[in-house]
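K.L.:
Chains as they are written, first to last, in this note's numbering: chain D, 1256 to 1491; chain P, 12 to 386.
In short, the hints are calculated from the structure, not lab data. By construction, the Cβ of each residue, glycine as well, lies at the ideal position given by its N, Cα and C atoms. One should not assume that every hint holds.
Unchecked claim - Ranges between beta-carbon positions, derived for each pair: (1) P:170 to D:1267: 38 to 44 angstroms; (2) D:1435 to P:170: 48 to 54 angstroms; (3) D:1389 to P:373: 18 to 24 angstroms; (4) P:205 to D:1328: 49 to 55 angstroms.
What the hints assert, rightly or not - With a straight-line cut-off of 25 angstroms between C-alpha atoms, the simulated DMTMM-like cross-links for lysine to aspartate or glutamate are: (5) D:1381 to D:1362; (6) D:1434 to D:1382; (7) D:1434 to D:1476; (8) D:1410 to D:1262; (9) P:269 to D:1327; (10) P:269 to D:1339; (11) D:1381 to P:268; (12) P:162 to P:280; (13) P:162 to D:1327; (14) D:1434 to D:1281; (15) D:1381 to D:1464; (16) D:1410 to D:1365.
Chain by chain, the residues run as shown.
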Amino acid sequence: MLLEVNDLNVFYGAIHALQGVSFTLDEGEVVTLIGANGAGKSTTLRTISGLLRSRTGYVRFRGQDISTMPAEQIVRLGISQVPEGRKIFAPLTVRENLDMGAYTRTDGTEIQASMQRVFASFPRLKERINQLGGTLSGGEQQMLAMGRALMSRPKLLLLDEPSMGLSPILTEEIFRIIKEINSQGTTILLVEQNALMALSVANRAYVLETGSIVLQGSAAEVRDNPQVRNAYLGVG
Amino acid sequence: MQKANSTQRSLPAVRTSGARLAWIGRGFLIILALMALIVLVRNFINNPLLFAQIVISGLQLGFVYALIALGYTMVYGIVRLINFAHGDVFMAGAFVSYFAVTRFQLHVWPTLIDPNLPPIVITVVGSITVILLSMAVCALLAVTIERVAYKPLRNAPRIAALITAIGVSFFIEYFGALNFVFSPRFIPYQRPFEVVTWYIRDGIHLVIDGKAPPDGSITFSNIAIIIMVVSILMQLSLQFLVRRTRIGKAMRATAFDKQAAQLMGINVDRIISITFALGAALAGLGGVLYAIAYPSINTLLGVLPGLKAFVAAVMGGIGSIPGAFIGALIMGQAESLTAGYISTPMRDAIAFTILIVVLLVRPTGIFGEPEKEKA
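Go ahead and model the full structure; you've got the sequences and the hints to work with.
P.N.:
Right, dumping it as C-alpha cells:
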C-alpha cells in the first residue's frame, strides 16, 4: 500500500469539513475522489500534503506516518501536489517556476534531465521558458503547475481540479498527459468535479459527500451506480 | 425626457468638482516643487561648490539609508510587515562595533598573530572583522525578534503584528538605555580606522588635522567613499541573490504565495528567517558605517535613520529592492539640501513631508504596483 488515509477529521473553525475519511492507494494506480463543491475533496488533499492537520486518525505513506510532518518534508518523501487554481508563482519565469518544483533536489544535472522530460510532455512550456508565470494562459498555467509538481520526481501526484476553467479540448489534453504520467510509474490521486472525465482515467473511485465517503469501487462500478449517474454525471 | 437628461448631466458635474479639487492639490504640489527647483537652481548658480558639497553629504546619508531601507522592503515583501524594530537593529550594529573596538580591541586583532604586519593590513582585516561581527550579531538579533515576536502573529491581523513591531522597537531602545546596557547617554565612538579627509582644489590634497581646508574647495572623506562603494556592492549582490540563486528564487516564491511555496518543499519559516537575517546584516553594516561617519552613538540612534529609510522604502515602492535604493538616495538629497539651504532642524521634517506627499500622490511608490488580490 502506497498511501493509507485513516479516519481524518478536519475542521475549519467550527465547520467539520472531513468527517472520518478513510481510503487507500496502491502503487501505480489512478484513484479519483469525486464529489460536489464543498464535499471535502480539496481538504483531503491539503491534509495529505500537510497544509491542514487532522484531529484524529493518520496518513501513512509507504508505511510511514506523515500526519504530523511539516509540508516541506512531505514533498521530500515523494508526495507532490498540483493545487487547486494552479498557484503558479506569477512573478517568476516558467523556468524559475520549474526550478522551484525541484527545490528539494540538489542533483544539478538530473534536474536538467527532469526539466527536459517536462518539456517533452508539455512542449508549450519550452516555448515560454523565459516568460513570467503570470502571463501564461489558463491551460499553460495548468501545464506549468503539473510540470512543476513533476520536477520533484514524486511517487504520488495529487491533482486538484486539473480541468478547472479549461476548454474541453485542453481538458482532453491534460487528461491524456495524466494517463501518460501514470504509465511512467507515478501513482495519481485525482480530485475532480468533472466526474465523467475523472472516471475515464481512474482505476478506482471514492465518492465524497459533505465530508464522508459514501461510495467506493472500481471506476466502472462507480460510473454505473445509478445515484452517481444522477448526481454527478448528469445522466438519468 | 428632460428630467432624465438633467440627472445625467448632474453626475459628470459632481465628478468635475472632485477632479477640480484634486487639481488644486496637484497644482499646489507642482508650485511647491517649482519653488524648490528655483531655489536649488539659484543656489547652484550662486555657489556651485557649496552645492556640490551638499550633494556629497547627501549621497553619504542616502547610501546609509539605502542599506537600512533594503531590510524594510525585503521583510515587507515576504511577510507584509513594516518591521519598525529595524532601525533599532541598525543602532545595535553601531553598538556591537563600539564594544568590539573599545572593549575588546577587535579592530587590531591581527597584531596578536604578528605585530609586524603592515598597518594597512591590520586596519583592513581588523575593521572588516568588526563589521562582520556586527552584521552577524544584528542578523541573530533580528532572527530572534522574528521568532519571539512576529512568528506567533503570522496569521493574526496585520495591525497586531505592526503594533508588536512598534513595541519591540521601544523595548530595544529603552532596554538599551538601561545603565548596565548601553546607558541613555551619548557615547563617543572610537573608530576602527581613522577618517581621512581630502579637499579638491587644483588637484586632491589631504586635509591636515586642525587646519581648515582653503576656501573654494570641496572636501570628501574615505568613509564617504566606503559608504558609497559598500552600499552599491550590497545592492548589486542582493539583486544577484534574489534574481539568480536558489534561495533568492525561494524568497520570491514565498513572498508571492506561502502555501504554494510549502508545496514545493520550501521551508517557509527558514526563508523568512533568512530574509530577516539578510536585512538585519545590511542594517548592522549601515550602523557601523554611520557611527564611523557620525561618531557619537546613543540608544535612540536608530530612530530617525530608521524612519527615514522607511519613508525611502515607501517612496520607492515597498517590496521593491531597486525602489528602496532609489528612494534612499532621494531621501539623502532631500535631507541634505534642506539642511543646507533651509534650516538644519527642517531636515527631519522634510522626510515626513515627503512621506505625506508620496501617500497622497502615489501611495504605491515609484516602482510599486497596486497589490493584487489573490484568489
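K.L.:
Does each hint hold? Answer for all of them.
P.N.:
Hint check:
no.	hint	result
1	P:170 to D:1267: 38 to 44 angstroms	violated (23 angstroms)
2	D:1435 to P:170: 48 to 54 angstroms	holds (49 angstroms)
3	D:1389 to P:373: 18 to 24 angstroms	holds (23 angstroms)
4	P:205 to D:1328: 49 to 55 angstroms	holds (52 angstroms)
5	D:1381 to D:1362	holds (21 angstroms)
6	D:1434 to D:1382	holds (23 angstroms)
7	D:1434 to D:1476	holds (20 angstroms)
8	D:1410 to D:1262	holds (23 angstroms)
9	P:269 to D:1327	holds (11 angstroms)
10	P:269 to D:1339	holds (15 angstroms)
11	D:1381 to P:268	holds (24 angstroms)
12	P:162 to P:280	holds (9 angstroms)
13	P:162 to D:1327	holds (18 angstroms)
14	D:1434 to D:1281	holds (16 angstroms)
15	D:1381 to D:1464	violated (40 angstroms)
16	D:1410 to D:1365	holds (16 angstroms)
Hint compliance for this structure: hints 1, 15 are not met, and every other hint is.
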